[in-house]
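**Q** On the provided structure of chain G, position chain H as indicated by the hints.
Below are the chains, spelled out letter by letter.
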Amino acid sequence: MDPINISYFGEKFNRLQLANPDNLLNSIRKEGFKTFNESGLPGTKNEEWKYTRISNLFHKEYHLTEDELKSEINISDVNAVRLPGSENATELVFANGKFIPELSTIRSSDNELVILPLEEAAKGVFKELIHEHLDKSSLFIKDGIHALNTSFIYGGVFIYVNKNKVLDNPVYLYHISDARENHTLSQPRSLVFVDESAKLQVVETYSTIGSMDSFTNEVIEIIVDTNAIVEYYKIQNDSITASQVGTTHIRQIGKSFVHALTISLNGGMIRNNTDIIMEAAGNEAHMYGLYLLKGHTHVDNHTLVDNTKPNCFSNELYKGIIDEQATGVFSGKIFVRPDAQKTNAYQSNKNILLSDDATVNTKPQLEIFADDVKCSHGCTVGQLDEEAMYYLRTRGISKEHAQSMLLEAFAADIVGQIKPEPLRIYVEEMISERLSVN
Amino acid sequence: MEEELKMLEETVASDYKYGFVTDIDTDVIPKGLSEDVIRLISLKKNEPEWMLEWRLKAYKHWLKMEEPKWPNVKYPEINYQDVIYYAAPKKKPKVNSLDEVDPELLKTFEKLGISLGEQKRLTGVAVDVVMDSVSVATSFKEQLSEIGVIFCSISEAIQNHPDLVKKYMGSVVPMTDNYFAALNSAVFTDGSFCYIPKGVRCPMELSTYFRINTENAGQFERTLIIAEDEAYVSYLEGCTAPMRDENQLHAAVVELIAKEKAEIKYSTVQNWYPGDENGRGGIYNFVTKRGICAGNYSKISWTQVETGSSITWKYPSVILKGDNSIGEFYSVALTNNFQQADTGTKMIHLGKNTKSRIVSKGISAGRSQNSYRGLVRAGKNALNARNYSQCDSLLLGDKCGAHTFPYIESKNKTAVIEHEATTSKIGEDQLFYCEQRGIDAETAVALIVTGFAKEVMNQLPMEFAVEAQKLLAISLEGSVG
Numbered sequence: 001m002d003p004i005n006i007s008y009f010g011e012k013f014n015r016l017q018l019a020n021p022d023n024l025l026n027s028i029r030k031e032g033f034k035t036f037n038e039s040g041l042p043g044t045k046n047e048e049w050k051y052t053r054i055s056n057l058f059h060k061e062y063h064l065t066e067d068e069l070k071s072e073i074n075i076s077d078v079n080a081v082r083l084p085g086s087e088n089a090t091e092l093v094f095a096n097g098k099f100i101p102e103l104s105t106i107r108s109s110d111n112e113l114v115i116l117p118l119e120e121a122a123k124g125v126f127k128e129l130i131h132e133h134l135d136k137s138s139l140f141i142k143d144g145i146h147a148l149n150t151s152f153i154y155g156g157v158f159i160y161v162n163k164n165k166v167l168d169n170p171v172y173l174y175h176i177s178d179a180r181e182n183h184t185l186s187q188p189r190s191l192v193f194v195d196e197s198a199k200l201q202v203v204e205t206y207s208t209i210g211s212m213d214s215f216t217n218e219v220i221e222i223i224v225d226t227n228a229i230v231e232y233y234k235i236q237n238d239s240i241t242a243s244q245v246g247t248t249h250i251r252q253i254g255k256s257f258v259h260a261l262t263i264s265l266n267g268g269m270i271r272n273n274t275d276i277i278m279e280a281a282g283n284e285a286h287m288y289g290l291y292l293l294k295g296h297t298h299v300d301n302h303t304l305v306d307n308t309k310p311n312c313f314s315n316e317l318y319k320g321i322i323d324e325q326a327t328g329v330f331s332g333k334i335f336v337r338p339d340a341q342k343t344n345a346y347q348s349n350k351n352i353l354l355s356d357d358a359t360v361n362t363k364p365q366l367e368i369f370a371d372d373v374k375c376s377h378g379c380t381v382g383q384l385d386e387e388a389m390y391y392l393r394t395r396g397i398s399k400e401h402a403q404s405m406l407l408e409a410f411a412a413d414i415v416g417q418i419k420p421e422p423l424r425i426y427v428e429e430m431i432s433e434r435l436s437v438n
Numbered sequence: 001m002e003e004e005l006k007m008l009e010e011t012v013a014s015d016y017k018y019g020f021v022t023d024i025d026t027d028v029i030p031k032g033l034s035e036d037v038i039r040l041i042s043l044k045k046n047e048p049e050w051m052l053e054w055r056l057k058a059y060k061h062w063l064k065m066e067e068p069k070w071p072n073v074k075y076p077e078i079n080y081q082d083v084i085y086y087a088a089p090k091k092k093p094k095v096n097s098l099d100e101v102d103p104e105l106l107k108t109f110e111k112l113g114i115s116l117g118e119q120k121r122l123t124g125v126a127v128d129v130v131m132d133s134v135s136v137a138t139s140f141k142e143q144l145s146e147i148g149v150i151f152c153s154i155s156e157a158i159q160n161h162p163d164l165v166k167k168y169m170g171s172v173v174p175m176t177d178n179y180f181a182a183l184n185s186a187v188f189t190d191g192s193f194c195y196i197p198k199g200v201r202c203p204m205e206l207s208t209y210f211r212i213n214t215e216n217a218g219q220f221e222r223t224l225i226i227a228e229d230e231a232y233v234s235y236l237e238g239c240t241a242p243m244r245d246e247n248q249l250h251a252a253v254v255e256l257i258a259k260e261k262a263e264i265k266y267s268t269v270q271n272w273y274p275g276d277e278n279g280r281g282g283i284y285n286f287v288t289k290r291g292i293c294a295g296n297y298s299k300i301s302w303t304q305v306e307t308g309s310s311i312t313w314k315y316p317s318v319i320l321k322g323d324n325s326i327g328e329f330y331s332v333a334l335t336n337n338f339q340q341a342d343t344g345t346k347m348i349h350l351g352k353n354t355k356s357r358i359v360s361k362g363i364s365a366g367r368s369q370n371s372y373r374g375l376v377r378a379g380k381n382a383l384n385a386r387n388y389s390q391c392d393s394l395l396l397g398d399k400c401g402a403h404t405f406p407y408i409e410s411k412n413k414t415a416v417i418e419h420e421a422t423t424s425k426i427g428e429d430q431l432f433y434c435e436q437r438g439i440d441a442e443t444a445v446a447l448i449v450t451g452f453a454k455e456v457m458n459q460l461p462m463e464f465a466v467e468a469q470k471l472l473a474i475s476l477e478g479s480v481g
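Protein chains in written order, with this note's numbering: chain G, 1 to 438; chain H, 1 to 481.
Source of the hints: derived by calculation from the structure; they are not laboratory data.
Some clues are possibly wrong.
Stated by the list, open to error - Computed list of chain G residues with no C-beta within reach of chain H, every gap over 10 Å:
| no. | residue |
| --- | --- |
| 1 | Gln17 |
| 2 | Asn88 |
| 3 | Val166 |
| 4 | Ile235 |
| 5 | Tyr391 |
As the list claims (entries may be wrong) - In silico DSS-like pairs for lysine-lysine, Cα to Cα no more than 30 Å straight-line:
| no. | chain 1 | residue 1 | chain 2 | residue 2 |
| --- | --- | --- | --- | --- |
| 6 | G | Lys294 | G | Lys309 |
| 7 | G | Lys34 | G | Lys163 |
| 8 | H | Lys413 | H | Lys74 |
| 9 | G | Lys45 | H | Lys321 |
| 10 | G | Lys45 | H | Lys60 |
| 11 | H | Lys399 | G | Lys309 |
| 12 | H | Lys64 | G | Lys50 |
| 13 | H | Lys454 | G | Lys333 |
| 14 | G | Lys255 | G | Lys163 |
| 15 | H | Lys74 | G | Lys342 |
| 16 | G | Lys374 | H | Lys60 |
| 17 | H | Lys167 | H | Lys57 |
| 18 | H | Lys166 | H | Lys321 |
| 19 | G | Lys333 | G | Lys136 |
| 20 | H | Lys198 | H | Lys44 |
| 21 | H | Lys198 | G | Lys142 |
| 22 | G | Lys350 | H | Lys321 |
| 23 | H | Lys470 | H | Lys399 |
| 24 | H | Lys45 | H | Lys60 |
| 25 | G | Lys294 | H | Lys352 |
| 26 | G | Lys50 | H | Lys69 |
| 27 | G | Lys309 | H | Lys413 |
| 28 | G | Lys60 | G | Lys142 |
| 29 | G | Lys50 | H | Lys454 |
| 30 | G | Lys333 | G | Lys199 |
| 31 | G | Lys123 | G | Lys163 |
| 32 | H | Lys346 | G | Lys350 |
| 33 | G | Lys399 | H | Lys167 |
Remember, predicted model here, so these are calculated numbers, not experimental data.
Glycine residues also receive a C-beta, built at the ideal position from the N, C-alpha and C atoms.
Same shape as in the complex, but just chain G (with noise of 0.2 Å):
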């Protein structure tokens, strides 16, 4: 990384930390800059970012979007990227990485659903809350980038969901970068709490406004508390010109349920971190992944299923379309510990590669420590079923056709998983759009 880059996070975040004298979120802020001073940027070497490079998006100068710097962000460009469904919806808009409460539409109760800016929840009713669970994922994911995001919390947001409260209408977060006139650095953070017996769908989408570079650097933590059940959709369809590095951090720390998806369509670099922390006995969780990429959009899904505690379940399968001079990488753990005994865990990724410049790496993990467990995981990259091939095209339906169809259907076994059905009608038709014969 070029030290003036490293200086200039270095003033920003002294200004960040004295303009801002939060006892709780400075301490945070403080540990993440250290962490991040001392690890710097994740490099190849660094096991986890063997097959994604990351240090050239830092070699130029990006804009962090400080308070006094308001974003121009404004209502028609929200209009832009609502998704299917909002009218229901709970919307969240994030302008540059931070909350803008006068352009967001909460559409639940507030005995429901409480949504605060980050800073005011620290310092209310949910301060002891935030102390316990606010960035618990960074003794998971110990490199610079994710410390990056530590240093920087400001802006983000608190999604509370009350006990007993079944939410009917998703929380939906549209993340815009406006990169009219300079290259952007977005950081969001949230933290989301699903107390007891609640029930959270949440859908995240990512738009850049202009032409100059962005990138997206966000940590969300959701913890999920004793019967409580969580959906989490990410969709990631934004410009060729925007990166990003998203770190979905959930743990369980209850018996609860989960299911989280993430669709990759288009992008720069991408590079997904997935994790499920299995705190406590009974847990299940799904995790699904589909990335359909092509151009030399490079798509990276980091995978992980910690099982701490017994009889937990847990399900995951990614897959993969790739084309043109795209990268598609898959990477999954799952850890048993020592106590986890009686976990069943199953990962799969498939990968179709379609062109000769296609790259796929994929490196499916098991570490088990207990005996008495069921794991699994298995992996294939090919292409298409040549017999499926010849039977359509024996009933006189041209290659390319036999080809979407087939493909189609490939991606359909993740689609299918979206439950919100106008989210799912939607991703099922960019999808149809996408791999459809012109």
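**A** Chain H in isolation, oriented as in the chain G frame:
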């Protein structure tokens, strides 16, 4: 459950059966590593100038390298100055028949249950015995030389076939390849050399038994096998070492070269001292093994049964350069007590229509850690490359660990790569089934483990399969069968 645990504890208690020291006078140079030591080794072995230069070059490179830290194993730092880099039995008789071999040596092998006499009589195997570093007995040599097969120690090859050694040594594993390969290149004392000329099918299985005998003597073997066009050879390597308290270092290099339509089958049974039940002592086994399918339609097959060593760090690999070439890797790795194994393979697909197959069976017991680490890479020109990998782990006991780290890299749309892995313990229903039929738990576990490893055991040559089966049983004795 408690009974099972008890049984496991008993395994831990079973002793290393091959722990004894053969009393043979050995010629030892002082501990430590320096340019002078390398010169001394080279001088003692009466080597030509180019060999010494090669060693010194490797040494200089080694000094600049760092010990790898990425394997999933933990051990105290090795003091490379505290190792004896050369130990050769003093009596170095030139023998043509077994009768002339030092009787002490013969006794050693009898204790191992692999007496040369018996092997020679029953199986027709030519054994090039490496007793601490220098070959002392080579049998069947004449018979082999009649058909043009060269099978001798690498030191002899350096003297008698310098052109071949110069041409091929370091061509598959360059001296700069990794830390331990560089160390080996600098200080290797002996090993085997094998050359199969064009069109020759080696009529017998070539075999070497390595033994580590002198206290604190690091063993640095170097094996080079070349199969010319349409040649075939099956090579067996077996290892047993006597009991020692201090950790011993073993850093071997094995290079295989298969030309057009040639086939090399390399089988290993490794049973070095694994350390005692408290994790004291044991061999550090840091080995670089690699073969290249240089010609079209060539085939290299690695089979290994790893039961010994306190730490194993070993990835027998195949570079599939020739079109239509085939690489295979079959492995059983069993760890017990405090053993740690990080082993697997690399299949590098470069040529067209290349195929590879990986079958790895890991068995962990006691407090051991067993990792599979493998790489399958399909290069840009590896049209129609095909790989299938299967890694199964069996856990015996709740204090051990089993890990899988597969790496799959594909740059070709026509390549098909499949990987699957499972981890589980012995099924209670399987145990119940056996016990119900009057088979006691211990035998039942042995039965199930043998069945688990069968796919790999079947790949071993007959002569070896028997010993390997015995080793598995001994390693699990008292607990899991």
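**Q** A separate judgement is required for each hint: does it hold in the structure or not?
**A** Verification of the supplied hints:
1. Gln17: About 35 Å separates G/Gln17 from the closest Cβ of chain H, which puts it past 10 Å; holds.
2. Asn88: holds, 42 Å
3. Val166: At about 37 Å from chain H, G/Val166 clears the 10 Å cut-off, so the statement holds.
4. Ile235: Check passes; 26 Å lies beyond 10 Å.
5. Tyr391: Per Cβ check, G/Tyr391 is outside 10 Å of chain H; nearest 19 Å; holds.
6. G/Lys294 x G/Lys309: Violated. G/Lys294 to G/Lys309 sits at ~40 Å, over the 30 Å cutoff.
7. G/Lys34 x G/Lys163: violated, 37 Å
8. H/Lys413 x H/Lys74: Violated: H/Lys413 and H/Lys74 sit about 39 Å apart, past 30 Å.
9. G/Lys45 x H/Lys321: This hinted pair holds, its Cα atoms lying about 27 Å apart.
10. G/Lys45 x H/Lys60: OK: G/Lys45 and H/Lys60 at ~24 Å, within 30 Å.
11. H/Lys399 x G/Lys309: holds, 16 Å
12. H/Lys64 x G/Lys50: This hinted pair holds, its Cα atoms lying about 23 Å apart.
13. H/Lys454 x G/Lys333: holds, 29 Å
14. G/Lys255 x G/Lys163: holds, 14 Å
15. H/Lys74 x G/Lys342: holds, 27 Å
16. G/Lys374 x H/Lys60: With a Cα-Cα distance of about 49 Å, the restraint between G/Lys374 and H/Lys60 is violated, given a limit of 30 Å.
17. H/Lys167 x H/Lys57: The hint holds at about 17 Å.
18. H/Lys166 x H/Lys321: holds, 21 Å
19. G/Lys333 x G/Lys136: Roughly 19 Å between the alpha carbons, so the hint for G/Lys333 and G/Lys136 holds.
20. H/Lys198 x H/Lys44: Violated, at about 34 Å.
21. H/Lys198 x G/Lys142: violated, 56 Å
22. G/Lys350 x H/Lys321: holds, 26 Å
23. H/Lys470 x H/Lys399: holds, 25 Å
24. H/Lys45 x H/Lys60: holds, 21 Å
25. G/Lys294 x H/Lys352: Holds, because 26 Å separates the two Cα atoms, which is no more than 30 Å.
26. G/Lys50 x H/Lys69: With a Cα-Cα distance of about 15 Å, the restraint between G/Lys50 and H/Lys69 holds, given a limit of 30 Å.
27. G/Lys309 x H/Lys413: Answer violated: G/Lys309 to H/Lys413 is near 41 Å, above 30 Å.
28. G/Lys60 x G/Lys142: Judged against 30 Å, a Cα distance of about 24 Å means the pair holds.
29. G/Lys50 x H/Lys454: It is violated: about 36 Å lies between the C-alpha atoms, which goes past 30 Å.
30. G/Lys333 x G/Lys199: holds, 27 Å
31. G/Lys123 x G/Lys163: holds, 21 Å
32. H/Lys346 x G/Lys350: Measuring from Cα to Cα gives roughly 21 Å; hence the hint holds.
33. G/Lys399 x H/Lys167: violated, 51 Å
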